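Student: Going down the list, the sequences are from chains U and P. Mind the numbering: the first sequence is residues 1 to 185 in the working numbering, read in order. Mind the numbering: the second sequence is residues 186 to 464 in the working numbering, read in order.
Treat the hints as calculated values from the structure; they're not laboratory data. Be aware that one or more of the hints could be misleading.
[Claimed, not checked] Stretches of chain P that chain U covers, calculated by requiring three or more beta carbons in the stretch to come under 8 Å of a beta carbon on chain U:
id : segment
1  : 212-226
2  : 312-325
3  : 439-451
[What the hints assert, rightly or not] Among the chain U residues that face chain P by a calculated CB cut under 8 Å, a handful are:
id : residue
4  : Ala36
5  : Gly77
6  : Tyr94
7  : Tyr163
[As the list claims (entries may be wrong)] Label-pair distances were calculated between CB atoms; the ranges are:
id : chain 1 : residue 1 : chain 2 : residue 2 : range
8  : P       : Pro322    : U       : Pro117    : 39 to 49 Å
9  : U       : Ser114    : P       : Gly433    : 19 to 29 Å
10 : U       : Ser59     : P       : Asn434    : 30 to 40 Å
11 : P       : Ser347    : U       : Pro117    : 12 to 22 Å
12 : P       : Ser416    : U       : Asp133    : 39 to 49 Å
13 : P       : Ser349    : U       : Pro117    : 32 to 42 Å
Values in this document were obtained by computation on a predicted structure and should not be read as measured data. Here a beta-carbon is modelled for each residue, glycine too, at the ideal position from N, C-alpha and C.
Each chain is listed here by its residues.
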Amino acid sequence: MKLGTVVLLMALVTAPACGGGGGGSTSPGGSPTPIAATFTPDQASPGPNTVALAEGAKSNDVVTVNVTVTGTNDVFGAAFEVLYDDFHTTFLGYTPGTIVEQGGNSPTYNVDGSSNPGRIVIGISRTGSTSTDVTTTKSLVGLQFRVKQAGVYQVVIQNAVVYDNQDPPQPIPTIAWFAGAVTGV
Amino acid sequence: MAKLPIRSLAMSLLCAAAAAAPAQAGSIVLSWDPSQGAAGYHVYYGTTPGDYSGGMITTALTSATITGLDDCTTYYVAVKAFNGAGESPNFSNELSGWSRPTVTSASPSIAMQGDQVVIDVNGANFQGGAVVNFGNPNVFLTSVQVLSCTHIQLLATIEPTSRSIRPAEVGRFDLTVSNPDDVFGLKTQGFEVLINPHRFDVNQSDATTTNRIDGKDTIYVSRQFGQNESSPNYDPDDDFDGDGWVDGNDVAFIAGNLGRCWSAATRSWTLAACPVGMQ
Chain U
1 MKLGTVVLLM
11 ALVTAPACGG
21 GGGGSTSPGG
31 SPTPIAATFT
41 PDQASPGPNT
51 VALAEGAKSN
61 DVVTVNVTVT
71 GTNDVFGAAF
81 EVLYDDFHTT
91 FLGYTPGTIV
101 EQGGNSPTYN
111 VDGSSNPGRI
121 VIGISRTGST
131 STDVTTTKSL
141 VGLQFRVKQA
151 GVYQVVIQNA
161 VVYDNQDPPQ
171 PIPTIAWFAG
181 AVTGV
Chain P
186 MAKLPIRSLA
196 MSLLCAAAAA
206 APAQAGSIVL
216 SWDPSQGAAG
226 YHVYYGTTPG
236 DYSGGMITTA
246 LTSATITGLD
256 DCTTYYVAVK
266 AFNGAGESPN
276 FSNELSGWSR
286 PTVTSASPSI
296 AMQGDQVVID
306 VNGANFQGGA
316 VVNFGNPNVF
326 LTSVQVLSCT
336 HIQLLATIEP
346 TSRSIRPAEV
356 GRFDLTVSNP
366 DDVFGLKTQG
376 FEVLINPHRF
386 DVNQSDATTT
396 NRIDGKDTIY
406 VSRQFGQNES
416 SPNYDPDDDF
426 DGDGWVDGND
436 VAFIAGNLGR
446 CWSAATRSWT
456 LAACPVGMQ
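Build the full structure now, drawing on both the sequences and the hints.
Tutor: See below:
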């Protein structure tokens, strides 16, 4: 694990290069086999000062990828971008997490996954001046993907920063980020 | 019955006290103190002192509006009271003035935050020393010149011209010209201030965010959320619409442009302006 600024997982996004893809399996009768979507994290047991993607709820071809924060104090918000294979997967939307709402704060979720397919631009934060401590592992946001074809599709994180509550907010140093892969079987 | 002397007839030209009063071309509004026993008043006017041959109107009130007057012309006005016994032999004191200013246009009538632009205000009855007001405290007007009674030219500075300056509020505002006698005319919503979208890039902390809108910008504004201009921590750079508050509208301006880069050519945020790796 690299601790430092941000770990950029430079995996290729296109599925064939990742060893996945190739079309869904077909039953002897010719009808396509339903795809079961899962998510495999790069770091299954993230330590303190980490942001990691983790598998959330899943149903058939849809899986929620939770963006989790572990053991980080003074969190005001986070800004990052998620790159995904928009040919084999579809970004469906997001569900709020539990971190920035703590203490009754009215957070802002700015998630744009429609203007630039394959890239989700995200800014999530509390509003006002207070931050929150994340002592265990909690979810910042859930990102829902539908897998269209069997295969393994890497998810990449870019331009990622966790901010404290200074004015203006300052990056919290030594945060490590971990991504993972969406899989359809 | 003896004819009535007019007593305490202290006329004064009114500046139109009510902003809602429409600016009426070629008109003078005046009022006077009532005269005891008067049934009504005759208002005489003309373009030469002491010569009221220009016209006369009759009213039972103690105010009147003279209409149909020529622009940019000094009129002289005096009043007589009357009742059943006839008209007072004496005029009131004489007042003089121009018709109410009228504002027909500003050219240009639209400017963007950060602009400095020469604006021509067109209309009529502008007197030397007239004051122009754009109804927006952060639009600063300098070098105001009354070039003629129909033309005022000025330099408008639409803040903010740099960071950390309170921005002009966006929207359409009434454009008012007030003559030195406090009579004014206005053009409703005569001037519009547009938001300067380049300001949305509040976070320029690194190469990936300069001239690009991303989540970092939303977080900067969210940190200021709820601050207003009376708060010591208010940051005008995050108040994009200049309404004095950092609020959901300001966050929305950024959110609507997430992932886009600045195009100097179109002065807008577009995906096409981003480097290939960021598209």
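Student: Look at each hint and say if it fits the structure.
Tutor: Hints, one by one, checked against the model:
Under a criterion of three residues with beta carbons nearer than 8 Å to beta carbons of chain U, the stated coverage of the segment 212-226 of chain P fails, only 0 such residues being counted. Coverage of the segment 312-325 of chain P by chain U is violated in this model, with 0 residues showing a Cβ closer than 8 Å to a Cβ of that chain against a need of three. With a cut-off of 8 Å between beta carbons, the segment 439-451 of chain P has 5 residues touching chain U; three or more are needed, and the interface restraint holds. A hinted interface residue such as Ala36(U) counts as satisfied when its beta carbon comes closer than 8 Å to some beta carbon of chain P; here the least separation is about 31 Å, so the hint is violated.
Taken as an interface hint, Gly77(U) checks out: its beta carbon lies about 4 Å from the nearest beta carbon of chain P, inside 8 Å. Interface restraint check: Tyr94(U) against chain P, minimum CB-CB distance 12 Å, threshold 8 Å, status violated. Evaluation of the Tyr163(U) hint against chain P yields a held restraint, the C-beta minimum of about 5 Å falling below 8 Å. Between Pro322(P) and Pro117(U) the beta carbon distance is about 44 Å. The supplied range of 39 to 49 Å therefore holds.
Taking the beta carbon of each, Ser114(U) and Gly433(P) are about 20 Å apart, inside 19 to 29 Å as hinted. Between Ser59(U) and Asn434(P) the Cβ separation comes to about 37 Å, which falls inside the hinted range of 30 to 40 Å. Between Ser347(P) and Pro117(U) the CB atoms are about 37 Å apart, so this pair departs from the stated range of 12 to 22 Å. Taking the beta carbon of each, Ser416(P) and Asp133(U) are about 26 Å apart, not inside 39 to 49 Å as hinted.
At roughly 38 Å, the beta-carbon separation of Ser349(P) and Pro117(U) lies within the given 32 to 42 Å, and the hint holds.
Hints 1, 2, 4, 6, 11 and 12 from the list above are not met by this structure, while the remaining hints are.
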